[in-house]
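Asks: Under this note's numbering, think of the first position of the sequence shown as -1, with each following residue one higher.
Any given hint could be a false lead.
Derived EDC-like pairs: lysine to aspartate or glutamate, alpha-carbon spacing no greater than 20 Å straight-line [to be verified]: (1) Lys194 to Glu167; (2) Lys285 to Glu247; (3) Lys232 to Glu54; (4) Lys102 to Asp41; (5) Lys112 to Glu167; (6) Lys184 to Glu199; (7) Lys227 to Glu199.
Pairwise CB distance ranges, derived in the manner of DEER restraints [claimed, not checked]: (8) Thr251 to Arg207: 11 to 21 Å; (9) Lys132 to Lys244: 40 to 50 Å; (10) Lys231 to Asn358: 32 to 42 Å; (11) Gly259 to Gly177: 40 to 50 Å; (12) Asn66 to Lys125: 47 to 57 Å.
Rather than coming from a laboratory, the hints here were simulated on the basis of the structure. Even for Gly, the Cβ is constructed at its ideal location relative to N, Cα and C.
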Amino acid sequence: MGSFNGKIKKNFNLVDLFCGAGGLTLGFKQTKRFNTVFANDIDKDMCSAYSFNFPETEISSETISNVNFDEIAENQNIDVVIGGPPCQAYSTSGKRSNNDNRSKLFIEYFNSIKSLNPKIFLYENVKGLISFRKGLIFKEIKELFSSIDYDLSFHLINAADYGVPQIRERIFLFGIRRGINYFFPKKTHTNQLNNKYITVEDALSDLPRIGNNSSSTDYLSLPKTNYQKLMRKKAPKFLMDHNSSKHGENLTTTMKYLPEGGLKNDIPVRFRPKSGYPNSYGRLWWKKPSTTITRNFGTPSSARCIHPKVNRALTTREGARLQSFPDWFQFYGSRAKKNLQIGNAVPPILSKKIGHSIINSLDDL
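I would like the entire structure built from these sequences, with the hints used as guidance.
Replies: Encoded structure:
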């Protein structure tokens, strides 16, 4: 406990729903002002990763409908709920959706907020949610939360604006209990001369440039940038999860002809893959932020994920670095499972900035 301007600073109780591996939880924990008292995700591998990194938090892999949120609320006041249902839950909503399995997840989430009664709740979703069905879905969601005294707003956020080495645009929805003022954090980075975006080089240049189907537990060098120092703080001596996928001979040859920043159509016709989307088989830029990291960042046919300097897709640890997970953070399961845990997460650096802004709001109460 400490004091600030004569006030006692208290910690706030937090619940993380649809928590994944814990990108949101990590950022909020790093503010040192939140106690995560409960987390939930139906994916058992996600829960295993979460539990390993946050052993102090009770976690459940039950479906959200089976969680007794009334009991959680009886045991302690919940100040903030983070995390929310995936985009599929919004295919329909409100009263018309009571018999639609796709939307039951959202209704269960709404019921959890009603039971926990937090001061603020927030979660990330894809940009299309706001315009989906000409905005009618978002309007219904706002009206639903308004019925239990929450004002719902959204912010379109690019993670690169907050120090993440990745162009990642997502909608963040904030439910603010009436009477509480909330101000979103100011951007800290820009594409201009001062406070420039963190680049792939800034994030990865201390990692060995291993080849196809390879691995390494040794760092290439001491940290070269402030970002790398941050990623390696409290990290073990040996590098974890720096292993690359096995690419066939044809794909390896194809990548040799792919320029930095290039896409499929930049490859000579003779070596160009006959299938795949136009934005697939893409190589990242060394001196720019990464494009959006998804669960497919180890699969060149599905995403722009080829290393700027090596003819292979990103390793699991490189993907984690570009998502701002520190090197001590551990993931669970196969490479595909680990990549899913990374690609689905909210970048912890961004989460921490949001956490601090919520602290400012709650400290004023």
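Asks: Quick check: which numbered hints come out false for this structure?
Replies: 2, 5, 6, 10 and 12
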